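Construct all of the structure, not just a fragment, from the sequences and the given hints.
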Amino acid sequence: MAIKRQQYVIRESIRISIYTTHVETLHKILIRLGREADLETIIDEALKIGIPPPIASRYLMRLVERGRVKIVCGPSLQYRAV
Numbered sequence: 001m002a003i004k005r006q007q008y009v010i011r012e013s014i015r016i017s018i019y020t021t022h023v024e025t026l027h028k029i030l031i032r033l034g035r036e037a038d039l040e041t042i043i044d045e046a047l048k049i050g051i052p053p054p055i056a057s058r059y060l061m062r063l064v065e066r067g068r069v070k071i072v073c074g075p076s077l078q079y080r081a082v
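Residue numbers (my numbering): 1 to 82.
By construction, these hints were calculated from the structure, which means they are not laboratory data.
Being a predicted model, the structure only gives us computed values, none of them experimental.
Some hints here could point you the wrong way.
As the list claims (entries may be wrong) - The following label-pair restraints were derived from C-beta to C-beta distances:
{"#": "1", "residue 1": "C73", "residue 2": "T20", "range": "26 to 32 Å"}
{"#": "2", "residue 1": "K28", "residue 2": "P54", "range": "26 to 32 Å"}
{"#": "3", "residue 1": "C73", "residue 2": "G50", "range": "16 to 22 Å"}
{"#": "4", "residue 1": "T21", "residue 2": "G74", "range": "28 to 34 Å"}
{"#": "5", "residue 1": "G34", "residue 2": "V64", "range": "26 to 32 Å"}
{"#": "6", "residue 1": "R58", "residue 2": "R32", "range": "19 to 25 Å"}
Built from N, CA and C at the ideal position, the CB exists for glycine as well.
The following block contains the structure:
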C-alpha cells in the first residue's frame, strides 16, 4: 500500500512541476512578444516549443486568474503581461 501511495505522490509532483513550467513558459512567451499579444500569436509560439493549443489556452486563463496577465479589450482581445 505504501508503494502505491509513493508512486501517486511522485506522479502528482511531476504533474505539478509540468504545470508550473508551462505556466511560467507562457508568461515568458508573452513578455518576449512585447508584453502584449493576441491569443493566436501566443498559441502559435507555445506550439513551436511543444505546448498544445488547449493546454496553452487553459494555462493562459490561469495566469489571468492569478492577476499576472490582463485581458485588454480593443478591436481584438489582447493579453498583457503585468
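Task: Outcome for the supplied range 16 to 22 Å, where the beta carbon pair is C73 and G50 - done: 30 Å, violated
message = For the hint 26 to 32 Å, verify it against the beta carbon of G34 and that of V64.
response = 18 Å, violated
Taking 26 to 32 Å as the stated bounds, is the beta-carbon spacing between C73 and T20 within them? 29 Å, holds
Take a look at whether the Cβ-Cβ distance between T21 and G74 falls inside 28 to 34 Å. 31 Å, holds
CB of K28 to CB of P54, is that within 26 to 32 Å?
20 Å, violated
| Does the Cβ pair R58, R32 satisfy 19 to 25 Å? | Taking Cβ atoms as reference, R58 and R32 lie about 20 Å apart, which means the hint holds.
Violation of the numbered hints given earlier is confined to hints 2, 3, 5; the remaining hints are satisfied by the structure.
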